[in-house]
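**Student:** The chain contents come next:
Protein chains: 4
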Amino acid sequence: MESAPYILNNVTKKKLWHINTFIFDVDGVLTDGTVIALSSGEQARSFYVKDGWAIQNAIKKGYNVAIISGGDQEGTRKRLEFLGIKDIYLGVKSKSEVYAKYCQENEVDPEKVLYMGDDLPDINVMIRSGVAACPSDAASDILEIADYISPKNGGKGAVRDVIEQVMKIQENWRQTS
Amino acid sequence: MESAPYILNNVTKKKLWHINTFIFDVDGVLTDGTVIALSSGEQARSFYVKDGWAIQNAIKKGYNVAIISGGDQEGTRKRLEFLGIKDIYLGVKSKSEVYAKYCQENEVDPEKVLYMGDDLPDINVMIRSGVAACPSDAASDILEIADYISPKNGGKGAVRDVIEQVMKIQENWRQTS
Amino acid sequence: MESAPYILNNVTKKKLWHINTFIFDVDGVLTDGTVIALSSGEQARSFYVKDGWAIQNAIKKGYNVAIISGGDQEGTRKRLEFLGIKDIYLGVKSKSEVYAKYCQENEVDPEKVLYMGDDLPDINVMIRSGVAACPSDAASDILEIADYISPKNGGKGAVRDVIEQVMKIQENWRQTS
Amino acid sequence: MESAPYILNNVTKKKLWHINTFIFDVDGVLTDGTVIALSSGEQARSFYVKDGWAIQNAIKKGYNVAIISGGDQEGTRKRLEFLGIKDIYLGVKSKSEVYAKYCQENEVDPEKVLYMGDDLPDINVMIRSGVAACPSDAASDILEIADYISPKNGGKGAVRDVIEQVMKIQENWRQTS
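Protein chains in written order, with the working numbering: chain A, 4 to 180; chain B, 4 to 180; chain C, 4 to 180; chain D, 4 to 180.
These are computed hints drawn from the structure, not numbers from a lab.
Be aware that one or more of the hints could be misleading.
No copy labels: a pair is met if it fits in one copy or bridges any two.
Straight-line distance between alpha carbons at most 27 Å, and here's what the computed DSSO-like set of lysine-lysine pairs gives [what the hints assert, rightly or not]:
(1) Lys-155 - Lys-104
(2) Lys-63 - Lys-96
(3) Lys-96 - Lys-81
(4) Lys-96 - Lys-17
(5) Lys-104 - Lys-171
(6) Lys-17 - Lys-81
(7) Lys-89 - Lys-155
(8) Lys-16 - Lys-81
On a predicted model such as this, the values are computed, not experimentally measured, just so you know.
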């Protein structure tokens, strides 16, 4: 098996021209994969402001942005809502079912979806997405099947990287409409 | 003294075929070894979601998973219980005593135990385990006696690494039973 | 386009002789760019003590220090006030407007301002400042236009680095007046 | 000026034979130099469990361990007391005054003190200590005057490193008295 490319090959690059939908996992993609456990029982997760800015920019320019995560934490939901994301699926058992339903209800063509995941529960969605991306610190099984491995880690710019690349190729990253 | 191998040698590799029990220290193994002290006196520790997924997978496939830690913090206990771990020994004075008792009561053969520790209180258990593993940022005394040094740091995938290697060799990592 | 210099070129170095005002963005400059989201909905950000010491030293020696940030969080304001900063503009929509107003009201010559930012909302201020600086982990668009890229990351010494360089060139870094 | 050695030279190594007292700064030495600011106004700091174990070991074997810090935070005090440290000076204005008083009252010979600091307020103590040590991420002025630069960062094993080196040379690191 060839190792997945850090540099987008031509086939993947062509697909970026058509992406109109970004779907992200949370832990290890939008966060650095750590869960901070407080002695009170409360939990905390680390998000990245530059990822957040890119998500807000994508939404403003009309891209679909959705979240599908197995975890379910109130702090995560608040952070995602603050960024303006409407389609937030937390506590999901089968990601591929939710993914199929989301695409159908929103008339999204899976070939136009860029999905970024980092671990085994993401595989069944990744193989059904136009571009399957992952952070550089994804699990080994994911690194093997990804179309594109971002040079950035989860929660440290991997999400920013893929949004910025798609929007720059489509020339509306800095454009104020 | 030879330095411990990052790559498993053949003797250690053979032992992985027989491992049916994983035992982990907490601080510096399941966490990154930091303790966050809040001004309120509350404490927090950082766990890694990919480690957690591997632990849940191991339990689902019938492996024994136990925790032996000198520390004792409510947030840690809640995180470990959430992962489905039943045998959680916190606030332990003598790890080797608890280890011997655990093996006896659960009819676990120490030769089939993979134990991962990172500091001096772990030594007496490590020398009694089939495979003594440690994260790459373990204390110098531990790096010298480990059968296997994971390329990953504590709280950053060292636990995931050893569980994944054992379960892949035994061919039930991705298998859905 | 030439890539921005890690080493100050002569033109930029000369400008450091005249800097009397430091203006900083918060997220990704004074912090490491992460936002910790707690399950309670509370948020947290990471500041760097060595940056803080440099800011206090600059204020003591008579430099102007101001903050212009799009974010608005109570914990951030408290940290900045603790450091002795008086001009703190949070929740800012247009940074360049606030910047122009600040310079006018305080009779600050923009040519004598060192501004450090890390993302697109900072560009319109950076191109109006005597020295436009950024941390080494700034967004790609910022790395391209900066006069100076600090070898340090945001929230990990980038602010310290520029204050220390300016004050050492002007020979009042260690001087006790 | 020669750069400070990562490897202890012979003069410094000889001094380690006589060290009976460890004095540490807090921020950037016992912590990683970050201050986490919560939206509630609460603060948090990150300590390292392996540092803590070494401090407990040193105290058990009869070494003096003291803390001199400019900061003053309740969470810090609790963490230090938990480790068994008795001489804790927080909120200190002049570190060299407190240092002189501590040495006098406890009949400590400054030549037998290893002090670890990381920033300018530490200089006047460092030049009065038998061994002046610092973490690898200390401020540039400190890196220039240190007798020994630990290869580890603050809050990531620098404290552990110096305690372990002194106690191993004096052959009571692993010894159970």
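**Student:** Evaluate Lys-16 and Lys-81 at a C-alpha cut-off of 27 Å and name the case that applies: within, between, both or neither.
**Tutor:** Close neither inside one copy (33 Å) nor across copies (45 Å); limit 27 Å.
**Student:** My question is about Lys-104 and Lys-171: at a cut-off of 27 Å on alpha-carbon distance, are they close within one copy, between copies, both, or neither?
**Tutor:** neither (29 Å within a copy, 33 Å between copies)
**Student:** For the identical chains here, do Lys-17 and Lys-81 meet the 27 Å Cα criterion within one copy, between copies, both, or neither?
**Tutor:** Answer is neither: 35 Å inside a copy and 47 Å across each miss the 27 Å cutoff.
**Student:** Taking 27 Å as the upper bound on the Cα-Cα distance, should Lys-89 and Lys-155 be classified as within, between, both, or neither?
**Tutor:** The answer is within: 26 Å in one copy meets 27 Å, while 36 Å across copies does not.
**Student:** Taking 27 Å as the upper bound on the Cα-Cα distance, should Lys-63 and Lys-96 be classified as within, between, both, or neither?
**Tutor:** The answer is between: 15 Å across copies meets 27 Å, while 30 Å in one copy does not.
**Student:** When Cα atoms must be at most 27 Å apart, do Lys-155 and Lys-104 count as within-copy, between-copy, both, or neither?
**Tutor:** neither (30 Å within a copy, 37 Å between copies)
**Student:** Between the shortest in-copy and the shortest cross-copy C-alpha distance, which are at most 27 Å for Lys-96 and Lys-81: within, between, both, or neither?
**Tutor:** both (21 Å within a copy, 21 Å between copies)
**Student:** Regarding Lys-96 and Lys-17, is the shortest C-alpha distance of 27 Å or less found within a copy, between copies, in both, or in neither?
**Tutor:** neither (33 Å within a copy, 36 Å between copies)
Checked against the numbered hints above, the structure breaks hints 1, 4, 5, 6 and 8 and satisfies the rest.
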